[in-house]
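K.L.:
Below are the chains, spelled out letter by letter.
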Amino acid sequence: MTISSTTLRRMIVVSLILCWEILPRFHVIPELFLPSLSSTLLAGWTDAGEYGHALMVTLYEVAVSMVFACGGGIIAGAVVGSLPRPRVLIMPMVSSLYAVPLVILYPVFTVWLGIGSESKIAFASIYGFLPTMLATAAGIQTIDPQLLIAARSMGATLTQRVTRVIIPAAIPTVLSGLRVGGALVIVGVVVSEMLISSAGIGYLISRYRTILDSAHVFAGVLLVLVLAVAFNAIIRFVERRAAIWQTGTHAGADAAGGDAPAILPATA
Amino acid sequence: MQPLANVTRLQPASRAGSIQIKNVGQVFKTSTQSVEALSDVSLDVKPGKFVVLVGPSGCGKSTLLMMLAGLRKQTSGTILINGAPIVAPDPDRIGVVFQEPSLFPWLTAEENVEFPLTLRGVDKAERRRKAQEALLLVGLDGFAKRHPHELSGGMKQRVSIARGLVQDPPVLLMDEPFAALDEQTRMTMGDELLRIWAATGKTVVFVTHSLTEAVYLADEVVVMSARPGRIVDHLTVTLPRPRTYEMLSGDAFGAMRDRIWRHIRKSA
Amino acid sequence: MIGSLGLKLARFAVVLSVFALWEVLSRTGMVNPRLLPSASDTIAMLGQLLQRASVRSDLAVTASEVAVAFVLAVPCGALIGFAIAENRYFAEVAKPLLFFAFSIPKSIFLPMFILVFGVGFSQKVGFAFFSTIFIVIMSTTVAVDSVKTEYLTVARSYGATTAQTAFRVYLPSMLPVLLETVRISMIFNLTGVLLAEMYASRDGIGHQIATWGENFQMEQLLAGVLMIAIIAMTFNELVRWVETRCSHWRT
Ligand SMILES: Nc1ncnc2c1ncn2[C@@H]1O[C@H](COP(=O)(O)OP(=O)(O)O)[C@@H](O)[C@H]1O
Ligand SMILES: [Mg+2]
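Protein chains in written order, with the working numbering: chain L, 69 to 336; chain G, -16 to 251; chain U, -6 to 244.
No lab work stands behind these hints: they were computed from the structure. C-beta: ideal position from N, C-alpha, C; glycine also. Worth double-checking, as some hints may not be accurate.
Pulled a few chain L residues facing chain U out of the computed Cβ check, cut under 7 angstroms [unchecked claim]: (1) I71; (2) L76; (3) R77; (4) P152; (5) M161; (6) S164; (7) P169; (8) W180; (9) V255; (10) T278; (11) V292; (12) A296; (13) N300; (14) R304.
With a straight-line Cα cutoff of 25 angstroms, these simulated SDA-like cross-link-like pairs (lysine to any residue) come out [claimed, not checked]: (15) U:K88 x L:L76; (16) G:K12 x L:L157; (17) G:K12 x L:P213; (18) G:K56 x L:Q214; (19) G:K12 x L:I217; (20) G:K107 x L:L165; (21) G:K128 x L:A310; (22) G:K128 x G:E116; (23) U:K1 x L:L165; (24) G:K12 x L:L76; (25) G:K113 x L:R155; (26) G:K249 x G:T227; (27) U:K88 x L:L123; (28) G:K107 x L:L216.
Only chain L is shown next, with the shape it has when bound in the complex:
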């Protein structure tokens, strides 16, 4: 091999971006199907105010849903993961529930809560809850029981075992749960905005789609992508900061390896 894999990968990415610009520009692909990069950015730029306002709405919904989904998921996962009986009882039911395409619940929420932010928040919270819970429960289970015995032999009280052993040991898995759950929350909010709503980026995407304004649709899609990638990058950064936890416990390896399919986001 004369070129390194990284170089080749960079070349692929650069040529994809170039294709995105060149192919539509020279009408190899109709602009309706794929607007060129420059016209997409231009569309976003000229209506920056509109996109900015929509972004605020979406971010607000994402933030609130994140609190519900991730907070609830982490607490529920911690409880289920640390108590053996509920775990045996509930975990198979939860992963079976995970097979249900939750998107069909969204109409129910619109009937119950209207087409404002509430229904999006409810839907996105549910959407992000299960994976966060599954990941946290798995993480609690991977805590080395020997660490708890050692702590006990040193006279640790129950509270001390929770705060000084269980919580720090669970952090890597909770973070990966947060990453998965948070990504789903973003998807959940945007998808529900796309389906029925009157505000937010998803709404803008759908509105521009109905008038076949591809450039504006793509600008919205790009904005969501940036949001999702940024969120992912932030969590990864925190994960790296906590890398000592990762290398030290089984949790890091498990979350990235064998168990991965079970907690992957259904970002269909």
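Since the structure of chain L is already known, use the hints to place chains G and U with the ligands on it.
P.N.:
Same frame as chain L, now just chains G and U with the ligands:
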């Protein structure tokens, strides 16, 4: 019986480090059956002695140690350490070292050693001082700031020993502490342990699979049989101290090892 | 300890009490029955819906979309996954890109499929294909990696032919992961089809559910949700059951 030579190491009028095990039994009950793991075990350990427990796998050595550490309640009988019963883990009286180093991966070597002191709210300067002392004792003073994953197996076990010693308990319990180490590291660690033991005058109860290790380290070897675990022999190692590698090939050493081996083969 | 039968009973009891709670909330009027029709009414409605020709044809449309997308996405994804995992250089190049493609949300590209294909069968299948293929590629690379190199070395040292290693080593040791791939990719596939139907479509059960929602027909809506949930979970459990059967004969 042993000559009283070793007693000079102790503060007179103190029973610090004495262990009395009287008619102790342990029965494990599961839903389907009950297993008698230990039956009528009685053992007296004088302060400052190095006692090694050997016996076939599953004969209850770990169980006995867990009960000495206050991590498990015996079904019958009494256990006294320093003349007082053990009802719960008591780090003032007992330090424990497990087969797995059981270090907290998110803490540095020093913080791991400080952990038992942190649990009791000892102030930082005091903690540092004691941890430094303990690390110096195990020969790891240069590695205080390393995390466990940056240490070799032998070094991790040294940290674990330092952690067991940091509160200066009169009794140190060790459950196959060197079993996971390679042969060479194991020999060095044995010498190190004898040095630490000689320097601190602790009572040590040490579990091992290796008969050579048992004879090499011990003042007294306690041989147990399986199902239910009982004490079948209790022999005094008459080899002089300090122990040297040359003794390993001596007749006295071989005779002692053979005697233990015959017991184990009979009961296995 | 609870036995396995006791466990099943306990789970059944949990499900039953959820339905009972639902029934009570609605019957007693604690929740407006217009917003939450009772469980029994919903189940009765589900029975009625299954009799309706329109619902049946919607189900048939959805099923055909799911089947086509699945039949296209799984082999394509598996082939790509194999190609990537088998060639180390290729894997090094492609895996980070794949991880990236995998982690970005696919649903937001749904409007593009409408712009390209218009509204109809090919748009929905195309979108479902798109939302499924990445997970298939990912899982296949994992599956190939899961074949223990020791097994391969042992097989080769006994002089196994290529065909023998493929069928005797690769397939059996990959089977659990492959079944897992089928299970997970079906979740993605189903979600893709239903979302596409709910977003813009003239037929299919997803479209029907969205319409019931817009018309505030709660009984039909909940019955539809229940129906999809049952279908999805049944398929899921079926694959799981095969998985456990396989792991039995493997060991
Ligand atoms: N928590 C437990 N529940 C049931 N049986 C146990 C438990 N712990 C140990 N045992 C049983 O008690 C016996 C002694 O175990 P252990 O003390 O670990 O043996 P050793 O350390 O000598 O190898 C074994 O037969 C083991 O199966
Ligand atoms: Mg043991």
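K.L.:
Each hint needs a verdict: does it hold in this structure or not?
P.N.:
Consistency of the hints with the structure:
Restraint check, L:I71 versus chain U: the minimum CB separation of about 10 angstroms is more than 7 angstroms; hint violated. A distance limit of 7 angstroms between C-beta atoms decides the matter here; for L:L76 the minimum to chain U is near 5 angstroms, and the interface restraint holds. The interface hint given for L:R77 is met, as the beta carbon of that residue sits about 5 angstroms from the closest beta carbon of chain U, less than 7 angstroms. For L:P152, the shortest C-beta to C-beta distance to chain U is roughly 10 angstroms, which exceeds 7 angstroms, and the interface hint is violated.
Interface restraint check: L:M161 against chain U, minimum CB-CB distance 6 angstroms, threshold 7 angstroms, status holds. Hint status for L:S164: holds, given a least beta-carbon distance of 5 angstroms to chain U, under 7 angstroms. A least Cβ separation of about 4 angstroms between L:P169 and chain U falls short of the 7 angstroms threshold, and the interface hint therefore holds. Restraint check, L:W180 versus chain U: the minimum CB separation of about 6 angstroms is within 7 angstroms; hint holds.
This hint holds: L:V255 has a C-beta 4 angstroms from the nearest C-beta of chain U, less than the 7 angstroms allowed. Annotation: interface hint on L:T278 violated; nearest CB of chain U at approximately 9 angstroms, more than 7 angstroms. A distance limit of 7 angstroms between C-beta atoms decides the matter here; for L:V292 the minimum to chain U is near 5 angstroms, and the interface restraint holds. Interface hint status for L:A296: upheld, as the beta-carbon distance to the closest one in chain U is roughly 6 angstroms, under 7 angstroms.
This hint holds: L:N300 has a C-beta 6 angstroms from the nearest C-beta of chain U, less than the 7 angstroms allowed. With its C-beta approaching chain U no nearer than about 10 angstroms, L:R304 sits outside the 7 angstroms limit, and its interface hint is violated. Distance hint between U:K88 and L:L76 is fulfilled; the C-alpha atoms sit about 12 angstroms from each other, no more than 25 angstroms. For the proposed pair G:K12 and L:L157, the alpha carbon gap of about 23 angstroms is at most 25 angstroms, so the pair holds.
With a C-alpha separation of about 21 angstroms, the suggested pairing of G:K12 with L:P213 holds against the 25 angstroms cut-off. With a CA separation close to 18 angstroms, the supplied pair G:K56 and L:Q214 stays within the 25 angstroms bound. Distance check on the hinted pair: G:K12 and L:I217 sit about 20 angstroms apart at the alpha-carbon level, within 25 angstroms; holds. Restraint check for G:K107 and L:L165: not satisfied, since their Cα atoms lie roughly 49 angstroms apart, outside the 25 angstroms limit.
Restraint check for G:K128 and L:A310: the C-alpha separation of about 16 angstroms stays at or below 25 angstroms, so the hint holds. Of the pairs offered as hints, the one joining G:K128 and G:E116 holds, with about 14 angstroms between alpha carbons and a cut-off of 25 angstroms not exceeded. Proposed proximity of U:K1 and L:L165 is supported: the alpha carbons are some 16 angstroms apart, at most 25 angstroms. The hinted pair formed by G:K12 and L:L76 fails the criterion: a straight-line CA distance of about 62 angstroms is larger than 25 angstroms.
Straight-line distance between C-alpha atoms of G:K113 and L:R155 comes to about 42 angstroms, which puts the hinted pair past the 25 angstroms bound. A threshold of 25 angstroms between alpha carbons decides the hint, and for G:K249 with G:T227 the separation of about 30 angstroms lies outside it, so the pair is violated. In summary, the hint linking U:K88 to L:L123 is not supported, as the alpha carbons are separated by about 31 angstroms, beyond the 25 angstroms threshold. Simply put, G:K107 and L:L216 have alpha-carbon atoms about 23 angstroms apart, close enough for the 25 angstroms limit, and the pair holds.
When held up to the earlier numbered hints, the structure conflicts with 1, 4, 10, 14, 20, 24, 25, 26 and 27 and fits the remainder.
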